[in-house]
Amino acid sequence: MENRIVLDSLHKSFGDLKAVNDVSMTVEVGEILGFIGPNGSGKSTTMKMATGYLKADSGTSTICGVDMEVNPKEAKKLIGYLPEGAPAYGEMTTIGFLNFIADIRGFYGKKRAIQIDKAVERARIKHVLHQQIDTLSKGYKRRVGLSQAIMHEPKILILDEPTDGLDPNQKHHVRELITEISKTTAIIVSTHILEEVDAVCSSVLLINKGNVVLNGSSSELRSKVESNNSIMIKIDPKSTEDLKRLLLTIPSISKIDVLNETESNVNINIYPKENQVILTEVAKIIADHKFPVKDIYQNHIALDEAFRKLTV
Amino acid sequence: MLGNIYIILKRETKGYFSTPLAYIFISIFCGLTAAFTFYLGAFLERGQADLFPFFESHPWLLVLLVPSISMRLWAEERKTGSIELLMTLPITTFEAVIGKYLAAWVMIAIALALTFPMWITVNILGSPDNGVVMSSYLGSWLLAGQFLAIGSALSAMTKNQVIAFVISTAACFIFVMSGVEAVTGAIEGLVPNYVLSIFSSMSSLDHFYEFVKGVVDLRSLLFYFTSIVFWLLLNIIIINIKKAA
Chain A
1 MENRIVLDSL HKSFGDLKAV NDVSMTVEVG EILGFIGPNG SGKSTTMKMA
51 TGYLKADSGT STICGVDMEV NPKEAKKLIG YLPEGAPAYG EMTTIGFLNF
101 IADIRGFYGK KRAIQIDKAV ERARIKHVLH QQIDTLSKGY KRRVGLSQAI
151 MHEPKILILD EPTDGLDPNQ KHHVRELITE ISKTTAIIVS THILEEVDAV
201 CSSVLLINKG NVVLNGSSSE LRSKVESNNS IMIKIDPKST EDLKRLLLTI
251 PSISKIDVLN ETESNVNINI YPKENQVILT EVAKIIADHK FPVKDIYQNH
301 IALDEAFRKL TV
Chain B
313 MLGNIYIILK RETKGYFSTP LAYIFISIFC GLTAAFTFYL GAFLERGQAD
363 LFPFFESHPW LLVLLVPSIS MRLWAEERKT GSIELLMTLP ITTFEAVIGK
413 YLAAWVMIAI ALALTFPMWI TVNILGSPDN GVVMSSYLGS WLLAGQFLAI
463 GSALSAMTKN QVIAFVISTA ACFIFVMSGV EAVTGAIEGL VPNYVLSIFS
513 SMSSLDHFYE FVKGVVDLRS LLFYFTSIVF WLLLNIIIIN IKKAA
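Protein chains in written order, with the numbering used here: chain A, 1 to 312; chain B, 313 to 557.
Next up, chain A with everything else stripped away, as it sits in the complex (with noise of 0.2 Å):
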């Protein structure tokens, strides 16, 4: 059996609203995708079509090899998923919770246990289980959601915002526990917090109105702006002709922008051409000719800057 999950070319609209237009992903076991956009761009959808609880207009999401229109209760055997807003029987206590996922998904006697005893220690969860899920905190419930989709192991696991209202503790944790279960499980993790995609995440997928952005890893993503990799340089205003003179013999500089001039400072911003590494040859100009420079350093984009620029 093949261990990823395909979607391939999934649309769906609500009306006159293309809510997602060809989306297609492939992840492997051991790949964790970060799956991101701005609020409202499809990705909870999309996840919805994947996991079987929307149908999609057309296109299809299959689990292993199992096609999820075709085989539905086949396919959601082999995945876990952790809805938006981590949905529970709030009437239920967290111990109770967990013996309905283990009931439904079919363990019994002693591995019934061990499955839970897992989910519990995985999800950190111990001191709530006797608590009822409606009185539990925002994080609690986020991790009782998660220990739901891992019980049976599954996969493929698909998280929708899973560090949502979590403290940074808690983040780190999650984050954690989503790295170690990578190994052997393929992840499809929804976030629009950015630091978790170079926390976590082996490549991205960037959609914006239900189109597809970006499909490759997050330097990938970075190299999209053109600010990346430029240089930044604090020098005396006197040597800047001399120092710009000089640079713009690199064949890899494509242009340079003196800011904000003083009488005692200037910063000189250099910018690569398709983001390649620069620091090396303007470093040895600065060395060889004995610049006065007072600060130099490299830009690297935020993936914050990124996804302004291509999802704005």
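The hints are simulated quantities; they were obtained by calculation from the structure and are not laboratory data. No experiment lies behind these values; they were computed from the predicted model shown. Note that beta-carbon positions come from the ideal geometry of N, C-alpha and C, so glycine has one too. Treat the hints with care, since some could be wrong.
[To be verified] Subject to a maximum C-alpha distance of 27 Å in a straight line, what follows is the list of computed BS3-like cross-link-like pairs (lysine-lysine):
#1 A:LYS77 - B:LYS554
#2 A:LYS224 - A:LYS18
#3 A:LYS55 - A:LYS209
#4 B:LYS322 - A:LYS77
#5 B:LYS322 - A:LYS111
#6 B:LYS326 - A:LYS138
#7 B:LYS326 - A:LYS110
#8 A:LYS273 - A:LYS255
#9 B:LYS471 - A:LYS138
#10 A:LYS209 - B:LYS554
[As the list claims (entries may be wrong)] Restraint ranges, calculated between C-beta atoms of paired labels, are given here:
#11 A:HIS11 - B:MET446: 54 to 62 Å
#12 B:ILE486 - A:GLY15: 26 to 34 Å
#13 A:PHE14 - B:PRO332: 57 to 65 Å
Given chain A's structure and the hints, the job is docking chain B onto it.
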């Protein structure tokens, strides 16, 4: 399949009894049926050893009380989002619909069973025909089952429980009223006779009275059975349509 239905039934039943819902429903049902029997039905004054005044009130109480149970069946799942969890677990829509329906129907059975003091009372006061009492209970449970199926299907259409309650009550009310002479009399002449006879043969009330008379008629059994199957099928279809919408 039976396994999953049972698991859902068990979860739902636990849900009813871990909140005040079941206790309130059962107390109110028992309280109101008793009140109706003694005050409106003049149980003692009639001087007859039967439970007719008791069962006579059931259709009218069930019209209001059953939708109060059924309104939450699907509307609440939609409201809280738990329907997304439920429908992405490896179960079919059929299993979910039947499991939830049966749990509610079992709770109504418990409520009916807990009216047993009425039955004991009438047996102390006289010697009623207990066969008639049993068939009346069956009729009442089937009537509740029909209302529940209607309510469950209509509850699947909305995430608003109040809307679910109001339209379910109205629908159940129509099924009861279609047997009342004042209503059939009012539309007599306005519609062709065969429409009128179809309309009044759909009356839940007429079939219920068969049971209360002690007649367990195959046609009445079939009426409730097909009605329940019809509405539950509609329930499944509504959920599947919503999935594609």
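Here is what the structure says about each hint:
The suggested pairing of A:LYS77 with B:LYS554 holds, with an alpha-carbon distance near 22 Å, which does not exceed 27 Å. In summary, the hint linking A:LYS224 to A:LYS18 is supported, as the alpha carbons are separated by about 25 Å, within the 27 Å threshold. About 19 Å separates the Cα atoms of A:LYS55 and A:LYS209, which keeps this hinted pair within 27 Å; it holds. For the hint linking B:LYS322 to A:LYS77, the alpha-carbon distance of about 21 Å falls within 27 Å, and the restraint holds.
Distance check on the hinted pair: B:LYS322 and A:LYS111 sit about 21 Å apart at the alpha-carbon level, within 27 Å; holds. Among the hinted pairs, B:LYS326 with A:LYS138 is consistent with the structure: their alpha-carbon atoms are about 24 Å apart, no more than 27 Å. Under the criterion of a C-alpha separation no larger than 27 Å, the hint pairing B:LYS326 with A:LYS110 is consistent with the structure, at around 23 Å. As the CA atoms of A:LYS273 and A:LYS255 are separated by approximately 8 Å, the hinted pair is consistent with the 27 Å bound.
Proximity of B:LYS471 to A:LYS138 is assessed by CA-CA distance (about 22 Å); at most 27 Å being required, the pair is judged to hold. Straight-line distance between C-alpha atoms of A:LYS209 and B:LYS554 comes to about 23 Å, which keeps the hinted pair within the 27 Å bound. The beta-carbon spacing between A:HIS11 and B:MET446, approximately 57 Å, falls within the hinted interval of 54 to 62 Å. Look at B:ILE486 against A:GLY15: about 32 Å separates their beta carbons, and that is inside 26 to 34 Å.
With their beta carbons about 38 Å apart, A:PHE14 and B:PRO332 fall outside the hinted range of 57 to 65 Å.
Hint compliance for this structure: hint 13 alone is broken.
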